[in-house]
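Please take these sequences and the hints and turn them into a complete structure.
Protein chains in written order, with my numbering: chain V, 1 to 171; chain P, 1 to 309.
Simulated from the structure, these hints should not be mistaken for lab results.
Certain hints may be false.
Stated by the list, open to error - 25 angstroms max Cα-Cα, derived DSS-like pairs, lysine-lysine: (1) P:LYS62 <-> P:LYS96; (2) V:LYS157 <-> P:LYS243; (3) V:LYS151 <-> P:LYS243; (4) V:LYS43 <-> V:LYS151; (5) V:LYS112 <-> P:LYS96.
As a plain string of letters, each chain reads:
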Amino acid sequence: MGLLGRTKVAKPYLDGLTTLPMLAAALRNAGLRPTGAASVCVKPLEGGVVSGSADFDMSSDEFGFTWLTRRTTSDDAGRLADDLHRLVVAGDEAGFGSALLCAVVPFSDGRKPTVALIYRFTRGTWYPFAPIDTDQRDNVRELEIRTQLGKDANIEKDLTRWAPVWGAPGV
Amino acid sequence: MSTTSRIPSDHGLSARMGFTMFLIGALYVGVMALLIASGISAGFVIVIAVIVLFCQYWFSDKISLYAMHAREVTPQEAPELHAIVDRLCASADMPKPRVAIADTDMPNAFATGRSPKHAVVCATSGIMRRLDADELEGVLGHELSHVAHRDVAVMTFASFLGVAAGLFTRMMFWSSLFGGSYDDDEDNGGAAGYLVIMLVSMLVYALSFLLTRTLSRYRELSADRSGAILTGRPSSLASALRKITGDMARIPTSDLRTAEPFNAFFFTPALANGFSISSLFSTHPSLDKRLAQLDEIARELGQPAIVTH
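Dropping the structure here:
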């Protein structure tokens, strides 16, 4: 980076993704199940080209970010976590580790709008995101989900970092 | 402290407010006496305090808009916001203030201006994203009540003493540092005198600070009350307050991919003399207290009580 700034890029936290089955089990009590969709968002890289994989489709959004969206829709949380983890480990080895922005895992109870758990690779933490319409979020529901997930889980404690990802695939 | 004719007054609140004002007034007299007794540049201090506060009062709208990085908007630019203000002003029978928007994700709204004719009411883009139309109306009803109650004038008047005492303490300090050595004969007695006056000034400053905070909390409860009666929907203001204070206010609404540098929090400088709906300082009563009052108003209006979580 800059002359006096950081010279090393922070290493992304990939293994926090494996807590997903535990979080999914906690949400099942509230009637929320994974929809099976899941995706990883990658920052635009100068000169770099992110490639898809056998299990993930590639697309880009209006911000110029690349989305890798899981092709199968098996709603088993264990397999979901494995698929995501395998993808980001491969991406990290290919040199895209610092470009990983977030993973988005949608949940639904079949009645209310879909919610998502968002995983930040720079922090290694999850937080809930419950959008209503295109630019509103249901904070009450998000805080309820935090309560359901419990205190032990690696949930982002700093609420100012619960940034929304509007229009993420499957949400 | 004139209220609009449509808004009934709350006698208990008025009485407590009056008592606080009385205590502030009593402090004034005490300080004046002290200043005159000490005979040291008292007039000068008062003149400066008056000028400072007058500027704060006279330019309160400009200072606040500048401090909040807000800009005035036309009805074409913000039709919904203008529609709410139009409706509220019509039912309160008051002149329509200017309407402004501050582009920040922090949920807040404020009203300021030296008189209802020179008032401006401002909402942040963060509060407009978080609240629905009814809740926004509740918040703007609260802000317009501040305008109708002439709260900027009331609070400027009330804070005069604190500002004067603070200035006085500082001037004593500097004059004792730079001007105290040429008169050797009286040096000892003078130094002790300085110390006493400085301590008293500091005490006055602290007392006045506490009293203005107390008065400010009364003004807030009073504005909650008038605003709720004006809109006829105390529950909307209650649900807005729940959304913009505490945990929910901290959850951002701007996209992760556009994440602004991490300086979303800014402090309104002490110079900005407006009335904002949520504050980092204790100028506002606790959420519980405000919700309890709104609940009571809901019952008075014959509406089902607000369910508090």
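Checked hints:
no.: 1; hint: P:LYS62 <-> P:LYS96; result: 17 angstroms, holds
no.: 2; hint: V:LYS157 <-> P:LYS243; result: 19 angstroms, holds
no.: 3; hint: V:LYS151 <-> P:LYS243; result: 23 angstroms, holds
no.: 4; hint: V:LYS43 <-> V:LYS151; result: 30 angstroms, violated
no.: 5; hint: V:LYS112 <-> P:LYS96; result: 40 angstroms, violated
Taken one by one, the earlier hints fail for this structure at numbers 4 and 5, listed in ascending order.
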